[in-house]
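Colleague: Here's the letter readout for the chains.
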Amino acid sequence: MELTGAEIVVRCLAEEGVEFVFGYPGGAVLNIYDEVFKQNKFKHVLVRHEQAAVHAADGYARASGRTGVALVTSGPGATNAVTGIATAYMDSIPLVVISGQVPTAAIGMDAFQEVDMVGITRPCVKHNFLVKDVKDVAVTIKKAFYLASTGRPGPVVVDIPKDVTQHKTEFVYPKKVSMRSYNPVIKGHPGQVKRAVQMILEARRPMLYTGGGVVLSNASEELTQFARLLGFPCTSTLMGLGGYPATDPLFTGMLGMHGTYEANMAMQHCDVLIAIGARFDDRVIGNPEHFFQDGRRIIHIDIDPTSIAKRVKVDVPIVGNVKDVLAEMIKLIQASKEKPDQPALKTWWTQIELWRARDCLKYDRDSSLIKPQYVIEKMYEVTRGEAYVTSDVGQHQMWAAQYYKFDQPRHWINSGGLGTMGFGMPAAMGVQFAHPEATVACITGEGSIQMNIQELSTCKQFNLPLKIILLNNRYLGMVRQWQEFFYGNRYAESYMDALPDFAKLAESYGHVGMKIEKPEDVEGALQEAFAMKERLVFMNFITDQAENVYPMIPAGKGLSEMILV
Amino acid sequence: MENEAGALSRVAGLFSARGYNIESLTVAPTEDETLSRMTIVTRGSDDVIEQITKQLNKLIDVVKVVDLSEAGHIERELMLVKVRAEGEWREEMKRMSDIFRGRIVDVTDKTYTIELTGAGYKLDAFLEALDKGAILETVRTGASGIGRGDRILKL
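So the sequences go chain by chain: A and B.
So the number in our numbering is just where the residue sits in the first sequence, counting from 1, plus 438.
So the number in our numbering is just where the residue sits in the second sequence, counting from 1, plus 17.
Hints listed in this document are in silico derivations from the structure and should not be mistaken for laboratory results.
One thing to keep in mind: the hints can contain errors.
Stated by the list, open to error - Subject to a maximum C-alpha distance of 20 Å in a straight line, what follows is the list of computed PhoX-like cross-link-like pairs (lysine-lysine):
1. A:Lys580 - A:Lys479
2. A:Lys800 - A:Lys748
3. B:Lys149 - B:Lys111
4. B:Lys71 - A:Lys748
5. B:Lys99 - B:Lys127
6. B:Lys111 - A:Lys751
7. A:Lys748 - B:Lys75
8. B:Lys171 - B:Lys149
9. A:Lys956 - A:Lys971
10. A:Lys632 - A:Lys769
11. B:Lys127 - A:Lys625
12. B:Lys139 - B:Lys127
13. A:Lys606 - A:Lys573
14. B:Lys71 - A:Lys625
15. A:Lys573 - A:Lys614
As the list claims (entries may be wrong) - Which chain B residues stay away from chain A? Per the calculated CB distances, all over 10 Å, these:
16. Arg27
17. Gln72
18. Val79
19. Thr134
20. Asp148
21. Asp167
22. Leu172
Quick caveat: nothing in here was measured; it's all calculated off a predicted structure.
Heads up, the beta-carbon is just placed ideally off N, CA and C, and yes, glycines get one too.
Taking the hints into account, I'd like the entire structure generated from these sequences.
Modeller: Written as C-alpha cells, this is what we have:
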C-alpha cells in the first residue's frame, strides 16, 4: 500500500522506537502533524518556542542515552531551532531534527517562511539532508538516526518540503543502512593500546583526564574499574561530570577555568596524562604554551580523529570508542606482570593531598547573605545527590558543577560547549520525560531563566514537577565577574533591572513559587520544595551579589596560574 | 566524494569555518556517476594539513582523501589568456605561445586567445613572461592532480 510522505515520517519514527517528539506545528509541517494526530506510537510534546523543542529533545537524549527528536516548521521555526542544534552539536548529542520546508517548486523563490535550512545548519550538524523525493523519505530518516547515534554522536537535520509529505510511495523501512563514506572506528589499534598500557605502567605521576566521551559511550563502569585498578588520580571536564563518581577519593574534582586547585595542579605537573573522551579545549587547559612548559607524555583516546592532535601534540593517539578501548586496557593491565611504581605513586598522592588541603572551594559560611554555593550544597544534601540536575550558563552553572557531587553519569546536564543561556529549563523537561519518577532540578540564574521562561507553560500542560533553583543575584554574574576582574569594575549592561516577581510569575502559570532571602531559610525551603513530588516549584533565592566563582584561570593563562579565594 | 547536491558547499564551508586557505578547488563527476572528484590546493604546516585531512574525512559526503603531495604526482591546470595581438604584439604573442607550448584557439584582428596547460607554476611563468600591457583577460581552472605510476585513488 502506498503511503504519503507524512505518513512515512510518522511510521519511521515509530519504527525507530521514538517515545517523544518535541515540536511546534506550522504551515510546512501540517501534513506531518495531521499524521501525528492520528497515531499513538509516540507522544508529541508541544513546547512554546522551537529552541525549547530542541533543548528538550537534547535533555531527553543526554539523560536517556537515546536519540532525541524534534519537529519544527520551515522558516522561523527552523531558525529558532538552530541554537538548539548548535548546542547539541558542540556537546555531541544525538538528535534528529525534522524541519518542514516550502514545496520543492517554491524553493529558491523567497517563498513565505522559506529559509535554506540545509545551508544555515551545515556548520552545526553532523550531517543534514534535504529530501526532494518521497521515495527517499524512509531511507533518509534511517540514515539520520544511524548517523546521529553512532561514532561521535551529533544532531542530524532532515528538511522535508511540504509537497514531499503529500506525495505517495510504497513504504519500506530499511532494517539496516550502511554508507561507504561513514565507518566509525570502535576498537582501538591493538599496537597503540599496548604502547599506551606500557606507558601507563611506567608512570610515576599519572593523571586521568576524562571528558564527555566517557558519558556518551556509557563507559563509567570501565573508567571506574580502570582508575581503581591503577590507583590513579582522576579529574573530569564540565561535560564529563558523573562519568567517575565524585565522592570517590581518587576523584580530584573538575578541572579547567573554574576547576579545583588540585585537579589543575595535577594536570600541570603529571608525567603521564591519559586523556579519555576529552578534547583539550581552551576552557580546560588554558594557554597551551604554558601547558607545555612542563613536559609530560600524553595518551589520547577519542572516537573522533579530528579531536586528536588538534590543540596539543600527543604521544599515543588511540582512535576508538572509549568504552571498548578502556575494556581492552583493563584486560592488558590485569594480565601484565608489571604494576605501577607504588612508592612513586604514593609520593604523587602526598603532593596531591597537599594541593587538596588548600581547600579551594571554601567560602564564607557566616555571611548574612545567601551564598549561592551554600544553596547548591544544601540542595545536594536534600536530594541525597541523586537528582538529575540541569543548568543554564554562567556562575550558577559553575557552582552547580563544583558543589553538587555527581556519582552517576547522565545526571549532570548542561550546555558545555556552546554555553547556551536558556538551555536549563527546556532540557529539564526532556529529562523529566525520560525519567518520569526521578527528581529533576534546574539550577539557573535570573538572566538565563528569562531566555526560555515561556516553557513554564509547557511544564504546566504536561505536569512536569521540575524544581527550579534560581540563584538570583540581580546580575549577569559571570559577565559581572569578568568586568570586576578585567574591566575595572565597569559593569556595562550586566545589571538585571526590572525583574519580575518570579514566585508570582510561576504561580500565574499554575506552579508553586517561593522567595528565599535568608540563609537560615534555605534548607527548610529546599526540603519543602523537593517534598512536593507532583508540583513544579520555582525557588527564587536572593543571593549575594558580590560572590565570584573561584578558583579562576584568567583567559590566556596557564593551569597553575589560578586566582584563588 | 558522493556526487550529491551540497557536497561542494560542505567542503568550501569547512575551509572557511576553520580558517584554512584554499588556493584552488576543482570538482567534476567521475566515470562512476555516483562519485565526483575534487582537487584542492591548500597550504599549511604539517599539523594543519593533518587536521584538514581529518576534517575532510569527517564530512559524511567525503569518501576518501589523499594527500597527493606526499608522493610523486602530476598536476595540471588549464588557462585561457586573451592578449593584445596588434602590430608588433601579433608576432610576439604567437612566439611566446609557441615557447610555452600554448595553442591559439581564437583569433581576431586585435586579439589572440591562448590556451595553456601545465602545472600552476608554468602558467604563472607564462604570465610573468608576457608584457603586463598585453594581457586583456585570464581565466584559470585551478589544478587537477593524479598520482604518478601505479598509485591509484579509487574505491
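Colleague: Can the restraint linking Lys573 (chain A) and Lys614 (chain A) be considered satisfied, given a maximum Cα separation of 20 Å?
Modeller: holds (17 Å)
Colleague: Verify the proposed pairing of Lys149 (chain B) with Lys111 (chain B), using a straight-line Cα cut of 20 Å.
Modeller: holds (16 Å)
Colleague: Any Cβ of chain A at or closer than 10 Å to Val79 (chain B), or is the non-interface label fine?
Modeller: violated (6 Å)
Colleague: Measure nothing beyond the straight line between the CA atoms of Lys748 (chain A) and Lys75 (chain B); if it is 20 Å or shorter, mark the hint as holding.
Modeller: holds (14 Å)
Colleague: Would you mind confirming whether the straight-line C-alpha gap from Lys171 (chain B) to Lys149 (chain B) stays at or under 20 Å?
Modeller: Judged against 20 Å, a Cα distance of about 42 Å means the pair is violated.
Colleague: What's the verdict on Lys71 (chain B) and Lys748 (chain A), does the C-alpha distance respect the 20 Å limit or exceed it?
Modeller: Judged against 20 Å, a Cα distance of about 10 Å means the pair holds.
Colleague: Lys956 (chain A) and Lys971 (chain A) were given as a pair; does the straight-line alpha-carbon distance stay at or below 20 Å?
Modeller: violated (24 Å)
Colleague: Non-interface claim for Arg27 (chain B): all C-beta distances to chain A beyond 10 Å?
Modeller: violated (6 Å)
Colleague: Quick one, are Lys139 (chain B) and Lys127 (chain B) close enough, alpha carbons at most 20 Å?
Modeller: Violated. Lys139 (chain B) to Lys127 (chain B) sits at ~26 Å, over the 20 Å cutoff.
Colleague: Decide if the proposed pair is consistent with the structure: Lys127 (chain B) and Lys625 (chain A), CA atoms, cutoff 20 Å inclusive.
Modeller: Not OK: Lys127 (chain B) and Lys625 (chain A) at ~67 Å, beyond 20 Å, violated.
Colleague: Taking the minimum C-beta separation from Asp148 (chain B) to chain A, is that value above 10 Å?
Modeller: holds (44 Å)
Colleague: Decide, holds or violated, for the assertion that all CB atoms of chain A are farther than 10 Å from the CB of Thr134 (chain B).
Modeller: holds (31 Å)
This entry does not satisfy hints 2, 6, 8, 9, 11, 12, 16, 17, 18 and 22, going by the numbered hints stated previously.
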